[in-house]
Structures are given as C-alpha cells and as structure tokens.
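Colleague: For the record, the sequence lines run as chains E and S. The opening position of the first sequence corresponds to residue 1 in full-length UniProt numbering, with each subsequent residue numbered one higher. The opening position of the second sequence corresponds to residue 1 in full-length UniProt numbering, with each subsequent residue numbered one higher.
To be clear, the hints were calculated from the coordinates, so they are not data collected in a lab. Bear in mind that the values here come from a model prediction, so they are computed numbers and not experimental data. Zero decoy hints are in this set.
Here are a few chain E residues that face chain S, going by a calculated C-beta distance under 7 Å: (1) 110; (2) 113; (3) 118; (4) 131.
Have a look at the derived ranges for each label pair, beta carbon to beta carbon: (5) S:63 <-> E:203: 41 to 49 Å; (6) S:16 <-> E:49: 27 to 35 Å; (7) S:111 <-> E:78: 55 to 63 Å; (8) E:188 <-> S:54: 52 to 60 Å; (9) E:55 <-> S:168: 46 to 54 Å; (10) S:170 <-> E:59: 52 to 60 Å.
The beta-carbon is built from N, C-alpha and C at its ideal position, and this holds for glycine as well.
Letter by letter, the chains look like this.
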Amino acid sequence: MDWVWSHLDLIWSSTLAHVALCVPAIVLGFVVSVPLGYWASRSTAARGVLLTLGNVLYTIPGIALVVLVPVVLGLPILNPLNVTIALLIYAVAIMVRSAADAFASVDADVRGSARAQGFSGPQLFWRVELPLAGPVLLAGIRVVSVSTISLATVAALVGIPSLGGFFTDGFQRSFATEVVTGLVAVLVLAAVFDVVIGLIGRALMPWNRGRRLTSRAAKTLATAVPGGVGANL
Amino acid sequence: MSIEFRHVRKTYPDGTTAVEDFSLVVPSHSTTVFVGSSGCGKTTLLRMINRMVDPSDGQILIDEEDVSRVEPVALRRRIGYVMQNSGLLPHRTVIDNVATVPILTGTPKAKARQDALGLLDRVGLDRALANRYPGQLSGGQQQRVGVARGLAADPNILLMDEPFGAVDPIVRDELQQELLRLQRELGKTTVFVTHDIDEAFLLGTQVVILKRGGVVAQIGTPAEILANPADDFVADFVGAKRGKRRLTAEERGAGDDVLLVDAAGYPAGLIAAPGGRLELADALAAGAGPKSRSVSNKTDQAGDA
Numbered sequence: 001m002d003w004v005w006s007h008l009d010l011i012w013s014s015t016l017a018h019v020a021l022c023v024p025a026i027v028l029g030f031v032v033s034v035p036l037g038y039w040a041s042r043s044t045a046a047r048g049v050l051l052t053l054g055n056v057l058y059t060i061p062g063i064a065l066v067v068l069v070p071v072v073l074g075l076p077i078l079n080p081l082n083v084t085i086a087l088l089i090y091a092v093a094i095m096v097r098s099a100a101d102a103f104a105s106v107d108a109d110v111r112g113s114a115r116a117q118g119f120s121g122p123q124l125f126w127r128v129e130l131p132l133a134g135p136v137l138l139a140g141i142r143v144v145s146v147s148t149i150s151l152a153t154v155a156a157l158v159g160i161p162s163l164g165g166f167f168t169d170g171f172q173r174s175f176a177t178e179v180v181t182g183l184v185a186v187l188v189l190a191a192v193f194d195v196v197i198g199l200i201g202r203a204l205m206p207w208n209r210g211r212r213l214t215s216r217a218a219k220t221l222a223t224a225v226p227g228g229v230g231a232n233l
Numbered sequence: 001m002s003i004e005f006r007h008v009r010k011t012y013p014d015g016t017t018a019v020e021d022f023s024l025v026v027p028s029h030s031t032t033v034f035v036g037s038s039g040c041g042k043t044t045l046l047r048m049i050n051r052m053v054d055p056s057d058g059q060i061l062i063d064e065e066d067v068s069r070v071e072p073v074a075l076r077r078r079i080g081y082v083m084q085n086s087g088l089l090p091h092r093t094v095i096d097n098v099a100t101v102p103i104l105t106g107t108p109k110a111k112a113r114q115d116a117l118g119l120l121d122r123v124g125l126d127r128a129l130a131n132r133y134p135g136q137l138s139g140g141q142q143q144r145v146g147v148a149r150g151l152a153a154d155p156n157i158l159l160m161d162e163p164f165g166a167v168d169p170i171v172r173d174e175l176q177q178e179l180l181r182l183q184r185e186l187g188k189t190t191v192f193v194t195h196d197i198d199e200a201f202l203l204g205t206q207v208v209i210l211k212r213g214g215v216v217a218q219i220g221t222p223a224e225i226l227a228n229p230a231d232d233f234v235a236d237f238v239g240a241k242r243g244k245r246r247l248t249a250e251e252r253g254a255g256d257d258v259l260l261v262d263a264a265g266y267p268a269g270l271i272a273a274p275g276g277r278l279e280l281a282d283a284l285a286a287g288a289g290p291k292s293r294s295v296s297n298k299t300d301q302a303g304d305a
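Produce the entire structure from the sequences given, and follow the hints as far as they go.
Modeller: Right, here's the structure in full:
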C-alpha cells in the first residue's frame, strides 16, 4: 500500500488521462449511433448492413485497431486521438444495435396515434420516438461506457498515458501491487461512470422512475456485447 | 362539416383489397358508426379521413374539399382522433397529453394547459389527475383523457377507432353515456368504428354495416336496420337470426310491466303495458327509435362481452 500512497499523483493523472480518452468516445459514439440506429430500425436492409458491419468492426483486436488508426488517418503514432478514435469505433459498433432495438421498442400504437394527432416527421422523432427509446438507449450507453473504460487500457501498449500503464509497467517489473492498483482504478472509474449515466437518465426520464427495465431492454443488455466486455484486449 | 366518400378503393402492394368501391355521405353534427367484423376495412376507411391511409382510388371530401389536396399534418391537427388503448404519450403528463394539439399548433403552453383543465372537467375527470402520467391511470380514465385530447383543438370532426374496445363492460357503459352527452352538447361530426353492434345502435345516428373488403351490407338508422335487415348477413349480424332481437311478451311483471323474453327464452327487459296493451307505435313514430329503449337488452351485451 505504501506504493499507492507515494504514487497518488500518478494514479490521479493517469485516471484523468483515461477519462480524457473515454468521454469523447462515449459521447460521440452515442451521437453517431442514434441516427444510424434510427435508420436501422426503419429499414430492414439498413439494419442488416449496419449490424453486420458493427459485428465485424467489433471483432478487430483492440491493439490492431490502435496501430491501424494512425496509419489510415496519417496521425502521429503517439497522438491520444488514435486511441479515442479506436474506442469510438467500438462504441458505435455496440451502440448501433442498442439504438436500433431502442427505436424498434417504441410502441407502434403510440407512434401511430401521435401521427394521427398531427406530429410532423421531425416532431415525431424529437418529441415522441427519441424520449420513448430513452430507456433502451440508456441501457446501451451503460454497456458502452463500461466497455470503453475497460478497452482504453490498451492505450498503454502504444505508449499513450492511461490506467493501462499500471498493467504494462507492473507486469514488466513483476510488481503485483501496481497491477492491482490499475485494476481497482479501472473498476472504480467504470462504476462512477455508470452511476453518473444512471442519474442523467433518471433526470431526463421522470416518467420512467421506479419502473424496471423492459424485457426488451434487458435482452439488449445481454446481447449487446457478444464476446463480453474486454474481449478485444 | 360533412364528409363524403366517393368510389373509394384501397389495394395494398401485396394484392390484398381492404376496401372495394365504397361511397357514403356522413352528415354533419351527427354520429356515423362503421360496424363489422375484423377485416371489413372499417378502420382503413376511418383512417382515410385524416390521411393516415391514402386511398388507391376515389376521393374523400370534407365540405366539398378533396382531402388529398390538404397537407396531412395540417389536416390531422384539425380532426380529433381517439383510438383503442388511448394511444396517449406515456412520457407526458395527463395535462400535456390533452394539450398536445394546441401546443403543436403554437398555442402558448400556459394557455394550452389552462384550457386542458377545462377539458378534464368536460370529460368527467378529476383535475387532481392532471399531473399524473398515463401509466398511473385506469383504462377508463385513460380513454377519457384520450377523448379530451381529441377535443382539445375544438375540431369539427371527431374520429373514434374502437375507443371503448379494451375497457370492461361497466366502464364501457359509462363512457358510452358520456359520449352521448358530449355529442348532445357539442354536436361534432363523429365517425365511430366498432365491432359491437349494440354499441353501434346505441351511439349511431347512421349505422353502416360492412362486410369483408369494405362492402356495404346496409346503411340506415338503427331502427331501419333492425326492422328491415337487408339480407341474411345483416340479420345474422344484428342478432335477429339467433332470436336475440325477437322479443315476446310474457305476462309476468309487477304492476303494468310486462316481461319480454327473446327467442332463446332469456329475459330481455320490461315494457310498460297499461291495462295489458302495448303503446309502441307512438314512440317509434315520434322518431325516438330504439334509443329510448325502455326495452333494454343488457343481458345481450353481458353475454357478448
């Protein structure tokens, strides 16, 4: 434990670096996935193509993607943006399926009735479909958040600061305390993100309070991550 | 606000025909009921009025104006729509659900909500429910909110798609009486869809009985249809064939009342017969028709439900 107390500064700065890698990937992943998921929920052909593409992208090993991104985009190898872009790709790969399921879960009667009241296309999306897709979108973004935080440790392998640094450094020096510290920090960070996202969801969806996840949302959670979190490491 | 269907046809791309050459005039300020079994195209016809469905052929006119020339969103905002299972927005409170259309058309929120409170009174709902979510209401209360929402923009036309189909018989009875009261007060041009012939006869000024494919079996007032069913299909549909409408008097009532039984022997109701004589001709001739049924065959409805 002495090691932990004497390295609090490093733990804190690594955590901040980790957060800086993950937050843009999670937020952008959500923003990109919602329209794609909406499209997939409206068209069977789009659904087939997008979900297959998502599955394929998700099977690319993390280390390969982190190395490939700078080559494809021409960025310097040590730019943290490489990791964020790789994480974004994984986030979208998972989130598109959740978003497609979320929009498909909107009650057809409610949508039809809203159209009959005179909601225009954009009003229907923003005022009816998006809020009603909310609970399943929330379930999806929670999976994405945990998965992204876990995956971001791969940054250490290409020399970019993150909580993953404790793994590589600890392994090289056969120093278990450091590895365990990194592991605990990742778990705590993932838990904090989950709580924050849950609170945001609660604030945005007051009608949903006290209700349990729909069976559909639960199914989404179970199937969203085919190989389990961290399968790409 | 009369509505006219002119040779309307609806065929789907897969070749099924929902409606085949349907023509009808729905008179203003009265209730027309489309009644038939599932697959008779009654809901399709209803949804053509506010362009939720566009006909493959033919025209629908509202006060001589072809609805196909009216922008659908604008059209729908000036036509009230109430459906089965209420179709309320689960993420909006009762008051915001009622205020939906006025808010869409740009009424300031505060005013729309104020007006909506008045509508809750009108449909017999406690104002204390205003800030609840639809999921916290009973089925009957939700339908009342649905009716209030349909009336919020003060439309001249009200479309109702089996609005009372999913509530229990006692609540349905209440809602039907409430609708009759509203109709007396407001006089909307109402088109009502149901599969329940008793509901059709109770609510309809004009009743349209439909066969599969939107084919009209008979159009008329409830009294006309009951007295002169056009064919065996209609006779069977209104229950005449099964003896449900054929009532005979049994002299076993208290005072002047005579008990009426149907052909199956079930007691259907009582009728006043002072001195053993029925005075039925006057009531029918006065145009009150079966609406004033002192002969109320509630046993039938319970049996059907």
